[in-house]
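In order, the protein sequence lines correspond to chains A and B.
Its first residue numbered 0, the first sequence is counted upward by one per residue in numbering that gives the first Met the number 0.
Its first residue numbered 0, the second sequence is counted upward by one per residue in numbering that gives the first Met the number 0.
Rather than coming from a laboratory, the hints here were simulated on the basis of the structure.
Just so you know, these numbers come straight off a predicted model, no measurement behind them.
Any given hint could turn out to be false.
As the list claims (entries may be wrong) - Within a straight-line C-alpha distance of at most 20 Å, the following computed EDC-like cross-link-like pairs (lysine to aspartate or glutamate) qualify:
no.: 1; chain 1: B; residue 1: K141; chain 2: A; residue 2: E285
no.: 2; chain 1: B; residue 1: K170; chain 2: A; residue 2: D219
no.: 3; chain 1: B; residue 1: K170; chain 2: A; residue 2: D111
no.: 4; chain 1: A; residue 1: K92; chain 2: B; residue 2: E146
no.: 5; chain 1: A; residue 1: K264; chain 2: A; residue 2: E285
no.: 6; chain 1: A; residue 1: K92; chain 2: A; residue 2: D68
no.: 7; chain 1: B; residue 1: K170; chain 2: A; residue 2: E257
no.: 8; chain 1: B; residue 1: K141; chain 2: A; residue 2: D286
no.: 9; chain 1: B; residue 1: K170; chain 2: A; residue 2: D293
no.: 10; chain 1: B; residue 1: K170; chain 2: A; residue 2: E51
no.: 11; chain 1: B; residue 1: K156; chain 2: A; residue 2: D293
no.: 12; chain 1: B; residue 1: K170; chain 2: A; residue 2: D308
no.: 13; chain 1: B; residue 1: K170; chain 2: A; residue 2: D289
no.: 14; chain 1: B; residue 1: K141; chain 2: B; residue 2: D252
no.: 15; chain 1: A; residue 1: K264; chain 2: B; residue 2: E133
no.: 16; chain 1: A; residue 1: K264; chain 2: B; residue 2: D119
no.: 17; chain 1: A; residue 1: K98; chain 2: B; residue 2: D33
no.: 18; chain 1: A; residue 1: K283; chain 2: B; residue 2: D53
no.: 19; chain 1: A; residue 1: K240; chain 2: A; residue 2: E364
no.: 20; chain 1: B; residue 1: K156; chain 2: A; residue 2: E296
no.: 21; chain 1: B; residue 1: K78; chain 2: B; residue 2: D53
no.: 22; chain 1: A; residue 1: K5; chain 2: A; residue 2: D286
no.: 23; chain 1: B; residue 1: K78; chain 2: B; residue 2: D131
no.: 24; chain 1: B; residue 1: K3; chain 2: B; residue 2: E154
no.: 25; chain 1: A; residue 1: K70; chain 2: A; residue 2: E51
no.: 26; chain 1: B; residue 1: K141; chain 2: A; residue 2: D289
no.: 27; chain 1: A; residue 1: K264; chain 2: B; residue 2: D225
no.: 28; chain 1: B; residue 1: K156; chain 2: A; residue 2: D308
no.: 29; chain 1: B; residue 1: K3; chain 2: A; residue 2: D289
no.: 30; chain 1: A; residue 1: K283; chain 2: A; residue 2: D308
no.: 31; chain 1: B; residue 1: K170; chain 2: A; residue 2: E42
no.: 32; chain 1: A; residue 1: K98; chain 2: B; residue 2: E154
no.: 33; chain 1: B; residue 1: K156; chain 2: A; residue 2: E51
no.: 34; chain 1: B; residue 1: K10; chain 2: B; residue 2: E133
no.: 35; chain 1: A; residue 1: K5; chain 2: A; residue 2: D221
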Amino acid sequence: MANTGKAFIVSRGELQSLFDAVIARGFMPVGPIVRDGAIVYDELRHVQDLPEGWTEDQDAGTYRLKRRDDKALFGFNNGPHSWKQYLFPPRSKLWQGEKTEDGGFTVEEAEDTEKPFAFIGVRACDLHAIQVQDKVFMSDRHPDPLYAGRRGKALVIVVNCGQAATTCFCTSMNTGPRAQGGFDLALTEVLDGDDHYFVAEPGSTAGFSLLAEVPHTEADKDNVAAALECTARAEQQMGRKIDVSGVKELLYRNYDNERWDALEKRCLACGNCTMACPTCFCSKVEDVTDLTGDHAERWREWDSCFTMDFSYIHGGSVRPTTRSRYRQWLVHKLATWQDQFATSGCVGCGRCITWCPVGIDLTEEVRLIREREKD
Amino acid sequence: MTDKPKLAVWKFASCDGCQLSLLDCEDELLAVADHITIANFPEASRAVLDGPYDLSLVEGSITTPHDRDRIQEVRRQSKFLVTIGACATAGGIQALRNFTDVREFMDIVYASPEYISTLDTSTPISAHVNVDFELRGCPINKNQLLEVINAFLNERKPNVSPNSVCIECKKRGTVCIMVAHGTHCMGPVTQAGCGAICPAYNRGCYGCYGPMETPNTSSLAAWMHDLGVSADELRRMFRTYNSEAPEFRHEGDRHGRENI
Chain A
0 MANTGKAFIV
10 SRGELQSLFD
20 AVIARGFMPV
30 GPIVRDGAIV
40 YDELRHVQDL
50 PEGWTEDQDA
60 GTYRLKRRDD
70 KALFGFNNGP
80 HSWKQYLFPP
90 RSKLWQGEKT
100 EDGGFTVEEA
110 EDTEKPFAFI
120 GVRACDLHAI
130 QVQDKVFMSD
140 RHPDPLYAGR
150 RGKALVIVVN
160 CGQAATTCFC
170 TSMNTGPRAQ
180 GGFDLALTEV
190 LDGDDHYFVA
200 EPGSTAGFSL
210 LAEVPHTEAD
220 KDNVAAALEC
230 TARAEQQMGR
240 KIDVSGVKEL
250 LYRNYDNERW
260 DALEKRCLAC
270 GNCTMACPTC
280 FCSKVEDVTD
290 LTGDHAERWR
300 EWDSCFTMDF
310 SYIHGGSVRP
320 TTRSRYRQWL
330 VHKLATWQDQ
340 FATSGCVGCG
350 RCITWCPVGI
360 DLTEEVRLIR
370 EREKD
Chain B
0 MTDKPKLAVW
10 KFASCDGCQL
20 SLLDCEDELL
30 AVADHITIAN
40 FPEASRAVLD
50 GPYDLSLVEG
60 SITTPHDRDR
70 IQEVRRQSKF
80 LVTIGACATA
90 GGIQALRNFT
100 DVREFMDIVY
110 ASPEYISTLD
120 TSTPISAHVN
130 VDFELRGCPI
140 NKNQLLEVIN
150 AFLNERKPNV
160 SPNSVCIECK
170 KRGTVCIMVA
180 HGTHCMGPVT
190 QAGCGAICPA
200 YNRGCYGCYG
210 PMETPNTSSL
220 AAWMHDLGVS
230 ADELRRMFRT
240 YNSEAPEFRH
250 EGDRHGRENI
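Work out the full structure, taking the sequences as your base and the hints as a guide.
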């Protein structure tokens, strides 16, 4: 089933030893925890930190945490956070400079002092999102040192989805629910009566050697079938779909579709979708000085194509209307991204649908654009 | 040290909270004083130097005939005039008088209303004189105030973003309380700058920083209406510290013209 052709069983009771092995290797494990009424990502130390017995209801503009009737550790779908906050932090110092006596200035590059991250519980769609951002930040010509440094050292432990939210559409984007590769270790959580175990598939030498430190057995045919059944169930539950056939050409043909006018009325231009999106990568750079002007720093911060400053050039913003900014976002995500990076910018995680304060749904918008074109 | 720029701080109708933000810059205050002469700041010092002033920070709104004249003199004395806070920038909470009959209130509150000299409205400084920069907030954020002074001293544009509070929430990793809890929040239509404090403590944004650059108030109000927020509540949400800001005024009015 895995690209390695090897599957193993790690029992629920032995999962802590996986955490211990990760920590012993000097990684900072980050993954899902319950906080402030949602499942967010933060530092993990113990299996008890995981959202045991929690899940959520999601729909356009709404998310509600709720109890499960079992003790699944990963029985939920994507929350408000994504892994980009670790690889491409919201705010980071690029360099600082000091004025020198001869009228020049020194430049000191900022150092990244974070420990290497171990991402625990990466979903297949989010693994694709990381790979999409790899193309942005790790191109041969312009690699980003902070991103490339963190990404190169990061350990990726996937957890395949055993369920889908109503906002999920990874099957449409061909990104899930089962991760096919690009991870160090992939787990599928199986709950079968009193049986609670993980089917583990190493995807790299690091994954194999990590698993070697965790008590495990070889998976039998039934275990493998149970794991496949989990992701098949998620596929069945997929709450949304999007027809992406010829979507690039569709959007290029429809710069004047009437749906953009409807979005002008509805979209808040608040930027939530771009912040929640695991592939959105835009940033701005700000220079700050101290009161003397002798010390200056250059900082990079997340930015959004929904702000006026984003497209500001001398004389004004290039995209002054919300209509033009929403169109820029959607057309980039689904169409121009393909020309730019040879991949879609959307992985079907559904975050932009759930975390839009007024519930704008891009799958619905694409459907309506397609429909209106025919009229 | 005569070549240091001269700073003046002026008070109009306000609570003093914004100018106190400058005194609240405890760690940075001495450094500020090293680079700027605090020439006229009665809240901080009785020593007052004559104008003109290089930088004037103006707090408060215009609510009396006396202040209406005084702001003209302040402008004349100021090379660079920055309003600080919701009162000076949008009329403040006292602009709620703009929705009522001030004379009626005076009759109720004061034994001898004839001694009171006041205007019917509370208006922002920009309704009276040219303003070079408006710093939002109720109260302002001291870091943003330092940034404005800093930018002034270094002759650069202040890094003050006019985008939504949502962007600040997301950057600090706050779970959206509107989506996850159903809490009513003004964040999507409100300008950032406070650091998105309230949502981090599970409270909806009150809109202290006034309308963001392109606020879609009608869409947010329609969504909240569908969530069960009444017209009265919606009107009150838009009529708080920035009720006279045009976009908030317009949206508040859409939900009934009742007083306040």
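The hints, checked one at a time:
| no. | hint | result |
| --- | --- | --- |
| 1 | B:K141 / A:E285 | holds (19 Å) |
| 2 | B:K170 / A:D219 | violated (45 Å) |
| 3 | B:K170 / A:D111 | holds (19 Å) |
| 4 | A:K92 / B:E146 | holds (17 Å) |
| 5 | A:K264 / A:E285 | violated (32 Å) |
| 6 | A:K92 / A:D68 | violated (45 Å) |
| 7 | B:K170 / A:E257 | violated (33 Å) |
| 8 | B:K141 / A:D286 | holds (19 Å) |
| 9 | B:K170 / A:D293 | violated (29 Å) |
| 10 | B:K170 / A:E51 | violated (27 Å) |
| 11 | B:K156 / A:D293 | holds (17 Å) |
| 12 | B:K170 / A:D308 | holds (17 Å) |
| 13 | B:K170 / A:D289 | violated (23 Å) |
| 14 | B:K141 / B:D252 | violated (32 Å) |
| 15 | A:K264 / B:E133 | violated (28 Å) |
| 16 | A:K264 / B:D119 | violated (35 Å) |
| 17 | A:K98 / B:D33 | holds (18 Å) |
| 18 | A:K283 / B:D53 | violated (31 Å) |
| 19 | A:K240 / A:E364 | holds (12 Å) |
| 20 | B:K156 / A:E296 | holds (15 Å) |
| 21 | B:K78 / B:D53 | holds (5 Å) |
| 22 | A:K5 / A:D286 | violated (51 Å) |
| 23 | B:K78 / B:D131 | holds (9 Å) |
| 24 | B:K3 / B:E154 | holds (14 Å) |
| 25 | A:K70 / A:E51 | holds (6 Å) |
| 26 | B:K141 / A:D289 | holds (15 Å) |
| 27 | A:K264 / B:D225 | holds (16 Å) |
| 28 | B:K156 / A:D308 | holds (13 Å) |
| 29 | B:K3 / A:D289 | holds (16 Å) |
| 30 | A:K283 / A:D308 | holds (9 Å) |
| 31 | B:K170 / A:E42 | holds (17 Å) |
| 32 | A:K98 / B:E154 | holds (16 Å) |
| 33 | B:K156 / A:E51 | violated (49 Å) |
| 34 | B:K10 / B:E133 | holds (15 Å) |
| 35 | A:K5 / A:D221 | holds (14 Å) |
The structure is inconsistent with the numbered hints 2, 5, 6, 7, 9, 10, 13, 14, 15, 16, 18, 22 and 33, although it conforms to all the rest.
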